[in-house]
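Starting from the known structure of chain A, fit chain B onto it as the hints suggest.
2 protein chains.
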Amino acid sequence: MDGVPVERSQRLSRAAAQRLSLYLRCVADWPMDGEPVSSGRIAEAVGVSDAQVRRDLAALGHLGQRGVGYDARELATAIRTALGIDRPWRAVLVGVGNLGRALLKYRGFRAQGFEIIGLFDSDPTKVGKDVEGLTVESVTALGARVAELQAELGVLTVPGDTAHVVADALVAAGVRGILNFAPVVLKLPRRVRLVTVDLAIQLEQLAFQVQHGDSAARATDEE
Amino acid sequence: MDGVPVERSQRLSRAAAQRLSLYLRCVADWPMDGEPVSSGRIAEAVGVSDAQVRRDLAALGHLGQRGVGYDARELATAIRTALGIDRPWRAVLVGVGNLGRALLKYRGFRAQGFEIIGLFDSDPTKVGKDVEGLTVESVTALGARVAELQAELGVLTVPGDTAHVVADALVAAGVRGILNFAPVVLKLPRRVRLVTVDLAIQLEQLAFQVQHGDSAARATDEE
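Protein sequence lines, in the order shown, are assigned to chains A and B. With my numbering applied, the first sequence corresponds to residues 67 to 289, in that order. With my numbering applied, the second sequence corresponds to residues 67 to 289, in that order.
Some hints could be false.
The list cannot tell twin chains apart, which means a pair is met if one copy fits it or any two copies do.
Claimed, not checked - Taking lysine-lysine and the DSS-like style, the derived pairs with C-alpha atoms no more than 30 Å apart in a straight line are:
1) Lys253 to Lys171
2) Lys192 to Lys253
3) Lys195 to Lys171
4) Lys171 to Lys192
Since the hints were made in silico from the structure, they are not lab data.
Isolated chain A (complex conformation) (with noise of 0.2 Å):
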């Protein structure tokens, strides 16, 4: 979309940007040729208030109509370019266990334009291995190939007490993204972007949303 001047969408915080992919996850599930979607439906999906929605919206540029809603095509296009998923990008993926597996069999990657293009592993009893259509290689390989490859992202599934080491040899092989989920703090030059996945997290802010009840129900993280 056009539409969008790129200082606008730079100056989104990061909680913008989740709120986004959460309301990109619902427009996705609307027929796109069908009725406008409503900011209330999308509210409603996704557990924020009408006026967040409406808000978030405003600020990707003037999209929809009052009181009829927005074209679920044009929302869906207007908040991938505001993420900067309107294009493919391309990871590879180091630490082929059972967490790396089910990364590699996960559709919703490549179904939101993330190709995994490239496997590496320390364990010469993995390397040579055809995982998912793609053959592992040792991560001895990883500067040369990274480049080779045009990888821009790395996903970091190996145990915590290697992540440091592979982690310093993605950024020496040139990503400039890692999404890491392995359970250590990494310290990565500032040029190059972190996402760490902590999965005790994700447990733990269940069981504050268990123990507070209803209180801590309706998510009140706006802005």
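Below, chain B alone, put in the same frame as chain A:
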């Protein structure tokens, strides 16, 4: 910590609860009988402002000393109490595939007081098998077993097309919260809490940060 009034911690927003989880990771790495932890150190490690950390921790009650910092042990206890993880939580896991196995091996759960005490799968070839010290049971046994095991939480690692049926079975069996890894939007009764981990969203957030560079690099999701 008995200094935290229940009403106060109930007023925590989900965003604040998420930040507390991150502070807890940082504090847990600190020597427990060592020097006090400063809000600045926590802020730097987590990537939010010093003021935000101080505000969040002030909401937990009288902690820390101005100009000195927080006692690591006291702070960890206060955060655990506020989040409701100052007691163990019992969970069952449904779907013993790659992701389920990865979660069973994940040491972070037990470290934070989450214990997976029952495994269920619909695949008859998996039922009866021993996985990580537990015997896989049939999903048809969920109704009786959740109560027997006194499980409060369910972890859902089944494919998207069966997630709804299994979630309904978990709800009927009496769990109070579900951690859902299936890429579907579940509709549950209001009394049952739901946290959905959408792994593609994590990759989207990484792409967003890479795309927009430093402007999005600092967490700006402050309240």
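Status of each hint after checking the structure:
1. Lys253 to Lys171: Result: close both inside a copy and across copies, 29 Å intra and 25 Å inter.
2. Lys192 to Lys253: Within one copy only: 28 Å inside a chain, 40 Å across chains, cut-off 30 Å.
3. Lys195 to Lys171: both (16 Å within a copy, 23 Å between copies)
4. Lys171 to Lys192: both (17 Å within a copy, 19 Å between copies)
Comparing the model with each earlier hint shows no violations; every hint is respected.
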